[in-house]
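As they're listed, the protein sequences go chains A and B. Here the first sequence is numbered in the numbering used here, starting from 371 and rising by one per residue. Here the second sequence is numbered in the numbering used here, starting from 2 and rising by one per residue.
Worth flagging that the hints you see were computed from the coordinates, not collected in a lab. Check each hint, because a few of them may be wrong.
Claimed, not checked - In silico DMTMM-like pairs for lysine to aspartate or glutamate, Cα to Cα no more than 25 Å straight-line:
| no. | chain 1 | residue 1 | chain 2 | residue 2 |
| --- | --- | --- | --- | --- |
| 1 | A | K487 | B | E114 |
| 2 | B | K26 | A | E452 |
| 3 | B | K125 | B | D22 |
Claimed, not checked - Far from chain A by the CB rule (all over 10 Å, computed), these chain B residues:
| no. | residue |
| --- | --- |
| 4 | I23 |
| 5 | E46 |
| 6 | A88 |
Each residue gets a CB set at the ideal place from its N, CA and C atoms; glycine is no exception.
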Amino acid sequence: MQYEPTLSRDELIDIATIKYFGNVDAKNIDAAMECFNDEAMLCVQTEFTRHAGKTAIRRMLEDFTAAYATIVHKDFTCTVDETNGRVTASFEAVLTGHDGDVTRLYNTNFWRFREGKFQEVYVYFSGSNVLV
Amino acid sequence: MSSWTEAGAEQVALPYPYYIDIVTKRYFDGVDNKNMEQVLGCFTEDAILTEVTSNTVHTGRAAVGTMFARLFSDFAEIWHGNFVHTADPQSNSVCSQFTVLITPNGSTELRYENCNRFYLKGDKFHRVYVYMSGDNLLKEGAA
Numbered sequence: 371m372q373y374e375p376t377l378s379r380d381e382l383i384d385i386a387t388i389k390y391f392g393n394v395d396a397k398n399i400d401a402a403m404e405c406f407n408d409e410a411m412l413c414v415q416t417e418f419t420r421h422a423g424k425t426a427i428r429r430m431l432e433d434f435t436a437a438y439a440t441i442v443h444k445d446f447t448c449t450v451d452e453t454n455g456r457v458t459a460s461f462e463a464v465l466t467g468h469d470g471d472v473t474r475l476y477n478t479n480f481w482r483f484r485e486g487k488f489q490e491v492y493v494y495f496s497g498s499n500v501l502v
Numbered sequence: 002m003s004s005w006t007e008a009g010a011e012q013v014a015l016p017y018p019y020y021i022d023i024v025t026k027r028y029f030d031g032v033d034n035k036n037m038e039q040v041l042g043c044f045t046e047d048a049i050l051t052e053v054t055s056n057t058v059h060t061g062r063a064a065v066g067t068m069f070a071r072l073f074s075d076f077a078e079i080w081h082g083n084f085v086h087t088a089d090p091q092s093n094s095v096c097s098q099f100t101v102l103i104t105p106n107g108s109t110e111l112r113y114e115n116c117n118r119f120y121l122k123g124d125k126f127h128r129v130y131v132y133m134s135g136d137n138l139l140k141e142g143a144a
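Bound conformation, chain B alone (with noise of 0.2 Å):
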């Protein structure tokens, strides 16, 4: 493992199902839910989540964490779903399209079309892209 790459030879494959639960079933779930201990036990220790579209990079679960409670504080209402999952057992890695309905404090209902890209390290995210069809929601100070 110590060779890691993003969706390099030396994974290890995961029955294909796991990649849909984990970002459905656990992470997603978490992230609507505000269930900030299920969010966080998907990623590992060092994992490094990036959004691109505004080149934020948040490092480490703490900081990712630091990230969520931001958000989870910011938003009344946040809903993931409509998914449809690029899954890929043999690179160990997932990449995932869906609609974001979210509902800042006091606002009213915004629509993303989004992907992220997630690279697993075992059987946790360690490496996460997320590409946001609107205004960065993931960056400090946002909404």
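Extracted from the complex, chain A is given alone in its bound form (with noise of 0.2 Å):
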């Protein structure tokens, strides 16, 4: 699906690496929430698991982000695509267990955007699928 694109290449950027993973980051799942659009749908790609509207999206990000004494996005590649309301991004994840147990993953984003928010977002990972 294409949408009209309306932001900036640093705007792109921006919601993406900052008010979207800042904020998973930070645990302030209200404000990471505003990044999307009501029927956005985020799809993690190397599982086949799909989250399908804005309240799925916040039930995965709450169990996520409760899964995880901390959890550090960080060292972005970004890939915008101005012209259509894109922006892709390579980034390291690092999750740190409640037990200490410390997961490294080497994982890609791409958004899609909609009116200033995200519609689409997939994800391909490394290793495991932690987004349940």
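Make one complex out of these two single chains by using the hints.
Given below as structure tokens:
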């Protein structure tokens, strides 16, 4: 699906890396959910796991943030298609469990924007899917 | 070019269609038609292709060629399509989502929903990262 592009390069990067992942890392779910349209879809493509609609995405994020003591997404490399309202980022996710165990993932997210918010998000994992 | 980094600030932008065309009309067209010369012509001599989901690394164009020779030999039919691209001349990179239909010799068709990240040096792929939705077909001994 192609959506009308409305955001600049800097705005696309800011929403994906700061407003979304920054708030996920801070476990500020209300602010992270502001990045999504009501009927958005988040799909973990490497596991064929799909979360459709804001309610389902919020439930997934609440479970994800509760499952780890700390969550850090960092070292973003962004590819930005301003003409088509899309941004892709590779990054490292450092997930520290409540028992101190550390999981490191090297993932890639694809975001497609509609009216300034996430409409479709596709996640590709280097390891096991933690967004269940 | 000596300070090249993936999507680094020193990149020279190519026209937007170049990124779509090298991925679809040259690279994957070459893969689907088992045209090794066309495929390897998309890579720099010291390119590295990494299959991230299993951390399989192919270093150098010759190693990439060895990987594709095995893929071409092991699979009767290969098709890549349903592309959605994130193409970025400013960072000289393109990331692509797509469907793969692939048929192992003597077996039935498999379907994958994969993505690749391509970082160019000049006008060729210098670093490529592959994520696969199923078992990794791009490693030694696969299929």
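Now the hints, each set against the structure:
| no. | hint | result |
| --- | --- | --- |
| 1 | A:K487 <-> B:E114 | holds, 24 Å |
| 2 | B:K26 <-> A:E452 | holds, 22 Å |
| 3 | B:K125 <-> B:D22 | holds, 12 Å |
| 4 | I23 | holds, 14 Å |
| 5 | E46 | holds, 23 Å |
| 6 | A88 | violated, 5 Å |
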